[in-house]
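Enquirer: As they're listed, the protein sequences go chains X and D.
If you use the working numbering, the first sequence corresponds to residues 1 to 112, in order.
If you use the working numbering, the second sequence corresponds to residues 1 to 114, in order.
Because the hints were derived from the structure by calculation, they are not lab data.
These numbers come from a predicted model, not from an experiment.
A hint or two may mislead.
[Unchecked claim] Capping the alpha-carbon separation at 27 angstroms, the derived lysine-lysine pairs in DSS-like fashion look like this: (1) 22/D / 9/D; (2) 53/D / 9/D; (3) 22/D / 40/D; (4) 9/D / 38/D; (5) 40/D / 53/D; (6) 41/D / 3/X; (7) 41/D / 111/X; (8) 38/D / 22/D; (9) 40/D / 19/D; (10) 53/D / 22/D; (11) 53/D / 19/D; (12) 40/D / 3/X; (13) 69/X / 22/D; (14) 69/X / 54/X; (15) 38/D / 3/X; (16) 19/D / 111/X; (17) 19/D / 9/D.
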Amino acid sequence: LAKTTQPISMDSYEGQEVNITCSHNNIATNDYITWYQQFPSQGPRFIIQGYKTKVTNEVASLFIPADRKSSTLSLPRVSLSDTAVYYCLVGDSYTGGFKTIFGAGTRLFVKA
Amino acid sequence: DTEVTQTPKHLVMGMTNKKSLKCEQHMGHRAMYWYKQKAKKPPELMFVYSYEKLSINESVPSRFSPECPNSSLLNLHLHALQPEDSALYLCASSQGGLAGDEQYFGPGTRLTVT
Numbered sequence: 001l002a003k004t005t006q007p008i009s010m011d012s013y014e015g016q017e018v019n020i021t022c023s024h025n026n027i028a029t030n031d032y033i034t035w036y037q038q039f040p041s042q043g044p045r046f047i048i049q050g051y052k053t054k055v056t057n058e059v060a061s062l063f064i065p066a067d068r069k070s071s072t073l074s075l076p077r078v079s080l081s082d083t084a085v086y087y088c089l090v091g092d093s094y095t096g097g098f099k100t101i102f103g104a105g106t107r108l109f110v111k112a
Numbered sequence: 001d002t003e004v005t006q007t008p009k010h011l012v013m014g015m016t017n018k019k020s021l022k023c024e025q026h027m028g029h030r031a032m033y034w035y036k037q038k039a040k041k042p043p044e045l046m047f048v049y050s051y052e053k054l055s056i057n058e059s060v061p062s063r064f065s066p067e068c069p070n071s072s073l074l075n076l077h078l079h080a081l082q083p084e085d086s087a088l089y090l091c092a093s094s095q096g097g098l099a100g101d102e103q104y105f106g107p108g109t110r111l112t113v114t
């Protein structure tokens, strides 16, 4: 199974860009990289997903180098409401289904 | 409608009780999931249903029994739980259960076993 490693926590200030890097050295050819956000007492929410190079949507960008052994979630101009836990997931094909393995997550604290 | 609903929001049960958690989605998704999440830990996958068939059981104790009556509903039957089973139980759904499918999560049921 592909495992992921992320920083346990990060601090930032409002208006700054935040980059959270995830290592996934054993990523398989078919695996996608997905990031979720979770607020306290809520279910995780999908942020962004990619396979290679760069993906951008209205809330974030995802940078994936050519070897795909890591990825970086970039949150532009964070606000207090971006304080949450961010999980990096690497999809893992499994006979009979798809297994979702959440990494330990990165707790982001955004300060005023 | 991109919502996954879960009932109840909170549940307190004794170790000899039998209770059920319910999850519902109306997005036409064909894969549904149960996760368990302890405080300050990531969600842990318990079960996956794909096209109403149980496709993954992560060696979950038999005191947890999942059921998928139809493609929109997912239940988790609880019996003879232990205090260490107290956690947030999350339900999720995705379009087809394929690698990379975006999962939509419900708000969870906060379970306390006394």
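Enquirer: Taking the hints in turn, state whether each one holds.
Expert: Consistency of the hints with the structure:
no., hint, in the structure
1, 22/D / 9/D, "holds, 10 angstroms"
2, 53/D / 9/D, "holds, 26 angstroms"
3, 22/D / 40/D, "holds, 24 angstroms"
4, 9/D / 38/D, "holds, 16 angstroms"
5, 40/D / 53/D, "violated, 31 angstroms"
6, 41/D / 3/X, "holds, 15 angstroms"
7, 41/D / 111/X, "holds, 23 angstroms"
8, 38/D / 22/D, "holds, 19 angstroms"
9, 40/D / 19/D, "holds, 25 angstroms"
10, 53/D / 22/D, "holds, 17 angstroms"
11, 53/D / 19/D, "holds, 22 angstroms"
12, 40/D / 3/X, "holds, 19 angstroms"
13, 69/X / 22/D, "violated, 38 angstroms"
14, 69/X / 54/X, "holds, 14 angstroms"
15, 38/D / 3/X, "holds, 20 angstroms"
16, 19/D / 111/X, "violated, 42 angstroms"
17, 19/D / 9/D, "holds, 13 angstroms"
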